[in-house]
Every structure is written in C-alpha cells, then in structure tokens.
Amino acid sequence: MASLPLLNPYFPNNLLAWHGQTPVTSREFLSDVASLTQVLPEKGYAINLCEDRYWLLVGLAAALSRGQTTVLPQSRAPLAVEEIHQQFPACYCLTDLFNSTGPFPSFSIPQIPRQSFASPRIPMIPETLIGLIAFTSGTTGQPRPCPKTWQSLVTIAKQTAISLSLHKQTHISIVATVPPQHMYGLETSIMLPLQHGWAFHSVSPFFPEDVRTALDTVPSPRILVTTPFHLRACVADQTNLPELECIISATAPLSLALAKQAEKVFKTKVLEIYGFVEAGTLATRRPTKEETWQLLEGNCIESCGHRHLLHGPHLPQPVCFPDEITPMDPQKFILGRRHADCIKIAGHRISLTELNTHLQQIEGVEDGTFLMPEQELGNHVTRLMAFVVTQKKTPAEIVEDLRKKINPVFLPRPLYVISHLPRNGTGKLPREALLKLAEEQNHTSGSGSQGHRINS
Amino acid sequence: MVETLNLKMDSKEIDPNAPLFGEGLGLDSIDALEIALVVSQNYGYKLRSDDPDNVKIFSCLRSLCEAIEKNRTK
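Read top to bottom, the protein sequences are chains A and B.
So the first sequence is numbered by this note's numbering: it starts at 1 and just counts up by one.
So the second sequence is numbered by this note's numbering: it starts at 1 and just counts up by one.
Just chain A, same shape as in the assembly (with noise of 0.2 Å):
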C-alpha cells in the first residue's frame, strides 16, 4: 500500500515546534509519538480533545502511526463528546488535561512517560487511511462527520504553500490564532509545518498582546495565521508585532479596506485563504491585489446552473460550495453571498434549521425560530436574534437550554418571547417578516415589554 511519511522534510534537530517556551525538535517530537504510540489501546478511533496545538499534534501522530482515526470533535462540552462517543463507540479518548477521567477510555498525554529515542522512525503513514473526521453542522441537528485520508491532507499542505509561493521556504515560524481543531487551523498551524520542514508555536493567542508575545518567542522568518475579527483587533491596537514574512487569513472574507490597512501597519503581504470543512483549503488569494480566488492546482470547478461544485483529485467525490460563486473560468472564481442557510460568526458556521432544529426541540417550546439580522455597519460582529413561542419557559431558561447545545457565539442575542411566529400560508417565515418583527421588538422591549434580553 502507498504511504507518505508523516513528517517531510526530515530535519532531525531543526525546531518543529515551541511548545510554551520550551523549543522542540523534530527529533524530540518523534521520541513523544514512539513513546504515545507504545501505549495506545487497539481501538479504531481516538477522539483528540487537546487544547494545546503540540499535544494535539502528538495524539494525531500517535494515532496515525497506528493506523487509527483521529475524530476532532466541533466542541469539548460533554454532551457533545458523548454524542460522538455514540457514533465511534469503538474509541478512546485523548487529552491534555492531568486528571482526566470520562465514561470511556481515557489518555492524558503529558502524564505518559516521555522516553528518549536516539534516532525515532518517520512513521509512514498509508495514503488511503482515514487519518481525520472533522465535523460540519449539518441540518438535522447533528454534527455531519467530513473524513479526510491522510493522502488529502497532505495534498492540500503542499498545494496551499505552492499557491501561496511558500513551497520553497526551508525555515518558517508559524504563530496562529486559530485553534488547531479547527480545519483552517490544522491545515495551516499543524499540516503546512509537518510537510515542509517549518516550525509552530503551539499557544493560540486570543488578545493582541498575546499575538506580540507569541510572535517575539520565535524566530524570523514569521507567519502569523488568523482571522478577518483577531486582524481587526490588532490593526485596530497598532499592536507592535515583529518583521512578519505574510499574514494569512481564513473563515470570513476579508475587507479589503482592512487588508490595506494590515498591509501597511504591519509592512508585509496579506495572504487569504477560502475553504470549508467538507473540502478543506481550496483557493488562494492576495485581497490588495485581486478579487478573483485561485483554486490550488488540480482542482475545478464544474457549474451546473445555479449550483457549484468543486472537483479536486483528493476528494471521493464533488462538493457543493456553501457560498455563492462566480466561476471566472474552471480555477478561477468570485465569491458572492452566503447561502442563506448558512450561518458564519467569527469563523464557526452552523446552518439556519440546525440552529432552529436545536430551538424548537427545547421543552415547552411551542415554535420558534433564529434570525440573522442585516449585518449592521460598523465593526461589530453581528449577533443572532431569536423569537419563541412559550408558556412554559423564561428566556433564559431557554438560552440556558441552548447553551449546552451550541457554540455560545450562536446564542442569540436578544430573544424575544411572542405570542405567535408570523407564519404565512404554507407555514413558512419569510424574512422581511421575522425583519419587521425585529425592529417591532425592539421598539416596544425600549418601553418595558415582555421583549426579553439574554442578561435578565
């Protein structure tokens, strides 16, 4: 069976990773998979809860040198991972935290002893091995699992850093805030280093001191990966970041006021990238420069009327864009809207019926329904509303309710309980409806109505 080696090039005392300020080379990294890899259990799955970008490498190595997939769930919250649990019952469970107990099998990485190996394998990994399953939201209310063949991965981290003219660069640091569960995050922070030699940081900077930080522990030449909302922030704080070789930016499409203004504050290029969980890194762009995406080679689009779909030689098959595009020609593209199911706030994408599937499925409610209000001038992210039927509930029992199904960034704010949704005919809401019911809430909440915000 054809495989590829987990880590290519092979610079044994080159730095992979700074692991906190600790520096790790790729030799040291080795001896921590041997180590992990002795002890792992002889299950299909390990579901990999870490937090932290250097063990959660270390359990995926781990896994993939013994030939299992590593389910990354979208959310760490108990009920979700059980959820999961239920999909994979043949699974255990990786983590970074020291007491780590759980309903199933469970390995704390940093608490298994680290051995010293001289000269550890390269694991091989086989091409067709379903190294990964990331989630994407699906319509019912559960998680769709997207697998990815380690084949995949490694395809999209050598095509990306061929479409960002990266390819030939022997010594990069990345420093990346985004988390490494997330696709756009493994890709960048944990495949792109894998794959060509490179180094990461394994924190994930949240507040733009900790941008600086981070950057100032590694050396140059510096990428920083982040996103349209962690830019802002320290474009906006005229943080004082280091010399960087690029900025590369995913999950939301990038202003290209904001992509000028990044250009100039921080002297260097503004990379962005387009993908999504189902087909993972797909196109390429510099925003000061173009409009039009380029697709990574080998992949095209192929239209079939108002629907889009993307071809690429590691995917089983096509899939549909969740956007709207205008294909320019077959590796050339614009993008448009997002679909109006889709929901995107500061990266995490949910569908419309799931959010409302998860709303209506609450006790005592009668119906109900989100509303992703027009995006509001300004910076600020825009937030959900919500509006339920209830005789039963508070609002904040309800929010409550959806705090342990959803991603908090999702929760609606406000949510207004109402005598009845305003339904047409064939039961639908359309949305200039559920638009003027909004701005009526929002009136009379002002002058003490049962409108109700997420704080009371």
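It should be emphasised that the hints constitute simulated quantities derived from the structure, not laboratory data.
Just so it is clear, the structure is predicted and the values come from calculations on it, not from any experiment.
Treat the hints with care, as some may be off.
Mimicking BS3-like on lysine-lysine, the simulated pairs with C-alpha atoms at most 25 Å apart in a straight line are [to be verified]:
| no. | chain 1 | residue 1 | chain 2 | residue 2 |
| --- | --- | --- | --- | --- |
| 1 | A | K267 | B | K46 |
| 2 | A | K264 | B | K46 |
| 3 | A | K158 | A | K289 |
| 4 | B | K56 | B | K74 |
| 5 | A | K332 | A | K289 |
| 6 | B | K70 | B | K12 |
Far from chain A, some chain B residues (derived; all Cβ distances over 10 Å) [claimed, not checked]:
| no. | residue |
| --- | --- |
| 7 | P16 |
| 8 | I30 |
| 9 | L33 |
| 10 | K56 |
| 11 | S59 |
| 12 | C65 |
| 13 | A67 |
| 14 | K70 |
Don't be surprised by glycine CBs; every beta carbon is placed ideally from N, CA and C.
Given chain A, work out where chain B should sit, using these hints.
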C-alpha cells in the same frame, strides 16, 4: 461597554457584581476581544491571556474596572 458590545440594553441594567461571561451577562470570547480593544485604546492597559489574575479581572464589571484603574497608563 454596552456601546462597544452592541448589547441593546441600558447600561444601568448591568449589575456591577454579576458574572460577565456564561450565565449573568452572557458575554463570550468575541466580546472579550472587543472589551480588550476598547480598554487598550482608552486607558493604554493591554489585557493578556496569561495574566494569572484574569479569572478575577473578568469575573464582573466591578473587578474589570478595578483592574483598569490599577493598570491604566492614560
């Protein structure tokens, strides 16, 4: 803070001792970054994730204000 986070509420409605995150005011990480930005711009105090006092600083509006008062440079 109400203006920064677009909370659509009256600032007098915030209990200075109520938790900011999770239950209580229901803020999240997006809000935390917005708060950090405004605090940095207005008071020159740069919030950091590795500050051991963060749990206390972000516990409620009163603690946040005390931290700003203590660390402000403008």
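Results of checking the hints against the structure:
Taking the CA atoms of K267/A and K46/B, the gap is near 22 Å; set against the 25 Å cutoff, the hint holds. Our distance criterion of 25 Å between C-alpha atoms is met by K264/A and K46/B, whose separation comes to about 22 Å. Only pairs whose Cα atoms come within 25 Å are accepted, and K158/A paired with K289/A is accepted, the gap being roughly 23 Å. For the hint linking K56/B to K74/B, the alpha-carbon distance of about 22 Å falls within 25 Å, and the restraint holds.
Only pairs whose Cα atoms come within 25 Å are accepted, and K332/A paired with K289/A is accepted, the gap being roughly 14 Å. Restraint check for K70/B and K12/B: satisfied, since their Cα atoms lie roughly 24 Å apart, inside the 25 Å limit. No beta-carbon of chain A is positioned within 10 Å of the beta-carbon of P16/B; the least distance is around 13 Å. Not every C-beta of chain A lies more than 10 Å from that of I30/B, the closest at about 5 Å, which undercuts listing it as non-interface.
With a least beta-carbon separation of about 5 Å from chain A, L33/B fails to lie farther than 10 Å from that chain, contradicting its non-interface assignment. Listed as a non-interface residue, K56/B keeps its Cβ farther than 10 Å from every Cβ of chain A; the least gap is roughly 16 Å. Annotated as non-interface, S59/B keeps its C-beta farther than 10 Å from every C-beta of chain A; the closest such distance is 16 Å. Annotated as non-interface, C65/B keeps its C-beta farther than 10 Å from every C-beta of chain A; the closest such distance is 18 Å.
Here A67/B stays apart from chain A, with its beta-carbon at least about 14 Å from theirs, past the 10 Å limit. The beta carbon of K70/B is kept farther than 10 Å from every beta carbon of chain A, the shortest such distance being approximately 16 Å.
Taken one by one, the earlier hints fail for this structure at numbers 8 and 9, listed in ascending order.
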